[in-house]
Amino acid sequence: MVLERYEPLVEDSEAFRAACERPLPSVVRVNTIKATVERVRRALAAADTDAEAVDWNPRLFRLSTDRPGNTWPYYHGWIYGQEEVSALPALVLDPQPGERVFDPCAAPGSKTTQLAALMDDRGTLVANDNNLGRLSALRSNAERCGVTNLAVTNTDARTFSLKPFGAPKDPPGADGTGSPAGEPFDRALVDVPCSCEGTVRKNPDALEEWSLDHVRGIAGLQRGILERAIQVTREGGTVVYSTCTFAPEENEAVLDAALGATDCRVVPFETPLETRPGVTEWNGETYDEAVRHARRVYPHLNDTGGFFCAKLEVGA
Amino acid sequence: MTDGDLAENRSHVFERLPATDAERTVGGRPSREAVLAWWDDRFGVPRETFAEHTFWEKGAGKLWAYAGDAPDPADLEALGMVFLRVRQEHWKPTTDAVQRFGRAATRNAIELDGAAARRFVAGEDQELPWDGDWGYLIAVHRPPGREGDRPEPLGVGLYVHGELRSQIPKGRRREIDRAER
Ligand SMILES: C[S@@+](CC[C@H](N)C(=O)[O-])C[C@H]1O[C@@H](n2cnc3c(N)ncnc32)[C@H](O)[C@@H]1O
Chain A
1 MVLERYEPLV
11 EDSEAFRAAC
21 ERPLPSVVRV
31 NTIKATVERV
41 RRALAAADTD
51 AEAVDWNPRL
61 FRLSTDRPGN
71 TWPYYHGWIY
81 GQEEVSALPA
91 LVLDPQPGER
101 VFDPCAAPGS
111 KTTQLAALMD
121 DRGTLVANDN
131 NLGRLSALRS
141 NAERCGVTNL
151 AVTNTDARTF
161 SLKPFGAPKD
171 PPGADGTGSP
181 AGEPFDRALV
191 DVPCSCEGTV
201 RKNPDALEEW
211 SLDHVRGIAG
221 LQRGILERAI
231 QVTREGGTVV
241 YSTCTFAPEE
251 NEAVLDAALG
261 ATDCRVVPFE
271 TPLETRPGVT
281 EWNGETYDEA
291 VRHARRVYPH
301 LNDTGGFFCA
311 KLEVGA
Chain B
1 MTDGDLAENR
11 SHVFERLPAT
21 DAERTVGGRP
31 SREAVLAWWD
41 DRFGVPRETF
51 AEHTFWEKGA
61 GKLWAYAGDA
71 PDPADLEALG
81 MVFLRVRQEH
91 WKPTTDAVQR
101 FGRAATRNAI
111 ELDGAAARRF
121 VAGEDQELPW
131 DGDWGYLIAV
141 HRPPGREGDR
151 PEPLGVGLYV
161 HGELRSQIPK
171 GRRREIDRAE
181 R
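These protein sequence lines map, in sequence, to chains A and B. Just so we're aligned: 135 in the working numbering is position 135 of the first sequence, and the numbers increase by one with no gaps anywhere. Just so we're aligned: 129 in the working numbering is position 129 of the second sequence, and the numbers increase by one with no gaps anywhere.
Since the hints were made in silico from the structure, they are not lab data. Please read these numbers as outputs of a predicted model, since none were measured by experiment. A portion of the hints provided could be inaccurate.
To be verified - Where chain A lies over chain B, by a calculated footprint (3+ residues, C-beta under 8 Å): (1) 75-82; (2) 95-101.
To be verified - Derived SDA-like pairs: lysine to any residue, alpha-carbon spacing no greater than 20 Å straight-line: (3) B:Lys170 / A:Lys163; (4) B:Lys170 / A:Gly133; (5) B:Lys170 / A:Ala137; (6) A:Lys163 / B:Asp75; (7) B:Lys170 / A:Gly69; (8) B:Lys62 / A:Ser140; (9) A:Lys163 / B:Val13; (10) A:Lys163 / B:Asp72.
Said to hold, decoys possible - Some chain B residues flagged as far from chain A (calculated, every beta-carbon gap over 10 Å): (11) Ser31; (12) Ala37; (13) Gly59; (14) Gly61; (15) Tyr66; (16) Glu89; (17) His90; (18) Pro129; (19) Trp134; (20) Gly135; (21) Leu158; (22) Arg165.
Positions of the beta carbon are idealized from the N, C-alpha and C atoms, including for glycine.
Looking at chain B on its own, in the form it has when it is part of the complex (with noise of 0.2 Å):
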């Protein structure tokens, strides 16, 4: 099928995402398999994570991880996190999707020391060395006060021409108070 032979995206109600490509019926809609794919090969999230999540869509390309319970459409204001946006070339997290799903990141996940945290929360771009792949990354940090846990995610940037974008949404960014020792 191509996407042609495909409805429109009813973008007012949430649809479920389709388990496979091929129950696919609306155009451009990714498949739960495709997401849990994608997690998966760009930072080394594994399926398990989102075990207990549905996949919706709302709003073309924004995808919803919801652990509840709703009939399919469902025509409600929001269902669980926004988490995914897939409708341009390269699919982008959001803030609170790693922070709450990136702790398991292994790949594409770049550590921040303190004073690049703070920047990175604040909303600058800065200039940092980076081997990996360009595009969206996750952000992580060791909080203070927990030096010997795993590192924190704080968001997603985007890493190009050596410079490392902060994607935090204007309303998230925060200038931390900088009393830690």
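Same shape as in the complex, but just chain A (with noise of 0.2 Å):
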């Protein structure tokens, strides 16, 4: 079993085991572009859909059905079917009303449109993916939620450039005021592709692709994405680093080739979640100090699917 690998790393394994084997209650989240939290929640309970506020995040609802699609909320774009913990980078990213927003591993979209309503719709996201089928999925997803502050992109992350966006020189956006459309962003969300295994609880078979050659391959397209991320973005801009998966190989040791390769560090933050620390030893390697402010997150600890996030500032 894959997953034995990581027993070393949690304290319970036995909680760990037996919330990967449980399935996950379906989760939505409030887009208020369209609609406030008191308006969803009333909808909800007039379709009968029992909905339970998430503790930590108000914007989450924990839904009795499975089919939150064929109700008057969603056909109106006021939720967003998302897994509970995948809603946490974004508000560690934090991205304010107004400013540039980069999303470069962003099809089919669950976190560009979070990010988008944290804007407000206003300022510039751009989201990317290399994936054109995917892109179409978070095109439309985007345009049921609202969004009008997104320009897409379909590159691969690991060459995304900003000319597109004209010269940093060129003037200024729509209105006159803002910042010149080629400028360097102030901030980043990397939520990069991996193996998945945190979503075992969503999607069983996650795990029968499992392989190190794999992890190893898509670790170096982790570092290229996360790099270019870093490149792009201003001096005391935020990176955030994200994956659904529990392996060394794909976060920390990520991070600490970052931290060699580029100008960056990684720094402390607040989540609401139980987690635990970024892990410094794997299997023989050892990683950066400051790998530690990332936050692990083991289903059994919140009953939610597993996550990773870290927090950068560049050019400090």
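With the hints as a guide, bring the two chains together.
Set out below in structure tokens:
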């Protein structure tokens, strides 16, 4: 069993194993571009759908239905189906209305639409993905949510270019205010492709394709994507790195490599979830002490999927 | 200037709409002013609704509303939201545009009851009485639990010959569960 390799990292391996086998509840996030939390609560109640607010984030509801898609709130784009723990990295990134924000691995857009809502649909949100089919899902999700501050690109994030956004000296946007279009970003959410071990509760087949070679290969891709995102973020800007895997090769090792190759540092952050620090030793490798500031979320800690999240500050 | 003197629409990149008809350089492309006037005339959606948005064309007759910064022209996959199709005789707003911007509509908005609203979003055409103009209407309803509120836009219907034809695109159609009281 793949997950056994992580038992040395979790204190309570029995609880860990048991949680990985339980299915996850259906969770939706309120899309505040189109509706308020109160409006959604009442509409769900009227649809006889039991909705229980998630204690750490008032915009999330656990539902009694597994078909939230066939309700009025979904049709109107007031809610978006999103795994509870995957709402964490956008909150850690904390984008502000009017900023320039980059989402290099964006499809199908659950975090993109969350970022847009946190930005109040103002500023510039660039969503990229190298998979055109998944991008079209992102576009329809964003349009259903009423997102209009989104520019979509289709390239390999490792070689992402700011050129389509103009030279930094180009005149400012729309109304003559704001930043020139080709400026570096204020923030980036680097939600890379990964071996997805943390999604076993949603998708029990997630581990079937697992191999150490695959983990090592994808770690190279993750490094390339993270390093490029750091390069296109302004000095003093924030980059959040997230995965849904437990593998240190794809988490702390990728941070360690970025610390060595770019001008950035891993910084601590607060989270309302029960988490564990990043690990500094794994299978004979050691990583920079700063990776301890990253947070690991194991399924049994909060009854969610598994997750990894780190916050980086650029050029500081 | 006639359209014959104007350049062709370069449909693979995004180009900003000119502010007024006098500033047009591309044939058949409406101005921002014409688009604002249309939303106001047709639906009573006030011009301020779009104060934060720039308007762009990519793909002949496909207009996009965007709230961020971009150079003009812009070579991107998407920019904001597709919100209006203008190359047919009658301009047609998109489902997502009326959901986002159509709450302010005061004209040519047809209110549907629960059963009619469900049929409409399932993509069905239906015979309904309507005293107003024929053509594209915004279909609205009052979602259960929010009866006291102002109605919420569902999407676009084409009203002709006593019939409201649902224009909800296939991917947006839904069979809404009937559990509600
Ligand atoms: C974990 S998923 C992203 C999920 C998304 N952030 C969300 O919240 O809905 C990773 C994405 O990275 C994309 N991807 C894989 N390799 C890439 C590359 N080299 N450049 C850009 N995107 C890539 C995949 O197509 C996939 O959509």
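Each hint tested on the structure:
no. : hint                : result
1   : 75-82               : holds (count 8)
2   : 95-101              : holds (count 3)
3   : B:Lys170 / A:Lys163 : violated, 36 Å
4   : B:Lys170 / A:Gly133 : holds, 17 Å
5   : B:Lys170 / A:Ala137 : holds, 14 Å
6   : A:Lys163 / B:Asp75  : holds, 9 Å
7   : B:Lys170 / A:Gly69  : holds, 15 Å
8   : B:Lys62 / A:Ser140  : holds, 16 Å
9   : A:Lys163 / B:Val13  : holds, 14 Å
10  : A:Lys163 / B:Asp72  : holds, 12 Å
11  : Ser31               : holds, 16 Å
12  : Ala37               : holds, 20 Å
13  : Gly59               : holds, 13 Å
14  : Gly61               : holds, 18 Å
15  : Tyr66               : violated, 6 Å
16  : Glu89               : holds, 25 Å
17  : His90               : holds, 22 Å
18  : Pro129              : holds, 24 Å
19  : Trp134              : holds, 26 Å
20  : Gly135              : holds, 23 Å
21  : Leu158              : holds, 20 Å
22  : Arg165              : holds, 19 Å
In summary, the numbered hints that this structure violates are 3, 15.
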